[in-house]
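Student: As a plain string of letters, each chain reads:
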Amino acid sequence: MMSMFGACSKGSNKDMITIGIGQYAEHPSLDNCREGFLAGLKSEGYEEGKNIKVEYENAQADNSLAGQITDGFVSKKVALICAIATPMAQSAYGAAKDTDIPVIFTAVTDPILAKLAKDDKTPVGNITGTSDKLPVEEQLKMIRKILPEAKKIGILYNTGEVNSVSAIEEYKALAGNYGFEIVESGITATADIPLATDNILTKVDCINNLTDNTVVSSLPLILKKAAEKKIPVFGSEVEQVKSGCLATVGIDYYDLGVKTGKMAAQVLKGEKKASDMNFEIIDKAAFYGNSAVAKNLGIDLPKDLTDTAGEMFDSIAE
Amino acid sequence: MAYFINSIINIAVGVAEEGLVYAILAFGVYITYKILDFPDLSVDGTFPLGGAVAAVLLLKGFNPLLTLLFAFIAGMLAGTLTGLIHVKCKVRDLLSGIIMMTALYSVNLRIAGRNNVAIFDKETIFENGFLKKLLPESIKHYETIKRYETLVILLIIALLMKLLLDFYLKTKSGYLLRAVGDNETLVTSLAKDKGRVKIIGLALANGFVALSGCIYTQKSGFFEISSGTGAIVIGLASVIIGINLFKRREKVKATTAVVIGTIIYKACVSAAIALGLSPKDMKLITAVLFLTILILSNIRKRKVNAHA
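Here the protein sequences come in this chain order: A and B.
Residue numbers for the first sequence follow my numbering, so the first one is 14 and each next one is one higher.
Residue numbers for the second sequence follow my numbering, so the first one is 4 and each next one is one higher.
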């Protein structure tokens, strides 16, 4: 028995630490978050396979699976849990609450509403991370700049997605400041999207997407229907602009991941404790535009926007 | 080595906890599927219904134990409606459940107010020093006990529910319930209204399911609208595993078999994750597991028939 044990520790690196990454669903933004997270860790000297072992699990948007994944991380006593998206972060917090395993979350839109941080933004426990809060105000300003005459913005969202519901509330609260009215259309499944899109297109001057998983996964259909009516569709992040939305002011999920990875590295190094760090928000949101879409719609994107763009696309990705 | 044993124990405790939460749901599925022969899909809606009730009441400062009662009542109401749709409106069993499940999605959103409600900062049935109060202060190793506190609390609740269900099934109403599933005409010949018996059964079953959802939400610390997706599958798989496993051991009560079946089911899921199977394949694994058990039980049935 002793020899087996000895062989075991000789074979693997002595300093190898195991961390668990739990991702709530499979989705380009969340995947970017994960990749950024690993890159952030690497930049601080934690490289996968070299000195850290990464256990990655995806819950495929199944809540009870999310719970089982985080319970699994806790029973394996990983050195740190990285939780991607709100329900995963909540599961991880619940599972690791009574242990000394730190939790670092990312892609949580509203950590305060999700009770992952206190009202004054301080940690509720050994947990911190980054928020992917949409820059709503910047987005409204941009739409006003591109469409000076527009009055009504249509937003489709799944009533079952928490991120969307809190974003909708913020849009409604701020729209008036820029002379807009929000026309919302709540759906509950992908199957509802065709009818809801047809309906909302008769009422609005443009459509604005959130980071709603259900809506984003049906983006090609929405774009096709909107293009037929020459109604612009705005995205909420760069991936959506790449695939055919006119423009967005959004955050880069990869950068968000990098920031999160660096926070995790500080915790792993023992420089800081998750329980002493407030969650962070990326304050720099960049403009992304698609000139091919603009041409199709006959819209000129203002030069001051395109000149400062994070990235401009001149084709629509398949 | 100690580390290894420790993590095996931790995983086993986790599986047992999950199993006990869902065992209460499985009691409900046992009543509808096994006793009433009614495939009740409203379960996917009544499970989060219990969670929504728990979240809202806890936020309002209710006693956690009281939420269990209210969740049970809410589930009974939903089950009654499924029953009324089936019996009074003469809608087929499967469709009645689907209608109720669909309606409950909106109802649950209305009750909870949002699709995700966190209750981390509220006192739940698991965090009120329940055991601490029960045990004398002098016990030194409270920290060790604390590790098993959730398990012990779940064990107490599940056992209590099992005994209550066992007791109910022995009452006159319980006998009628079993008679409806076995032989409807017998009930009619006893001059009893079989429709009413069915409604009572559905109400009771969904009461158990909502109670399970209520406990699940308190354990995980947040309510999520999608938490009921697939609840019926978990329930059915657990009931079928349990009942088939103990088919020939007549001394084991069906309710006990159901509890063990649920724990075995959850252990299979946990093993699948531990073996590194992708969560993408999880539903496929469930389906294969499910099918295997059904086939095995059919083979055994055929063998028994051949011997007879």
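These are calculated hints, taken from the structure and not from any lab test.
Wrong hints could be hidden among the right ones.
Said to hold, decoys possible - Computed from the model, here is a short list of chain A residues facing chain B with C-beta under 7 Å: (1) 76; (2) 207; (3) 209.
Stated by the list, open to error - Computed list of lysine to any residue pairs in SDA-like fashion (alpha-carbon distance at most 20 Å, straight line): (4) A:110 to B:13; (5) B:286 to A:74; (6) A:90 to B:286.
By construction, the Cβ of each residue, glycine as well, lies at the ideal position given by its N, Cα and C atoms.
Student: Compare the structure with each hint and give your call.
Tutor: Results of checking the hints against the structure:
no. : hint          : in the structure
1   : 76            : holds (5 Å)
2   : 207           : violated (19 Å)
3   : 209           : violated (15 Å)
4   : A:110 to B:13 : holds (15 Å)
5   : B:286 to A:74 : holds (12 Å)
6   : A:90 to B:286 : violated (27 Å)
When each numbered hint is compared with the structure, violations occur for hints 2, 3 and 6.
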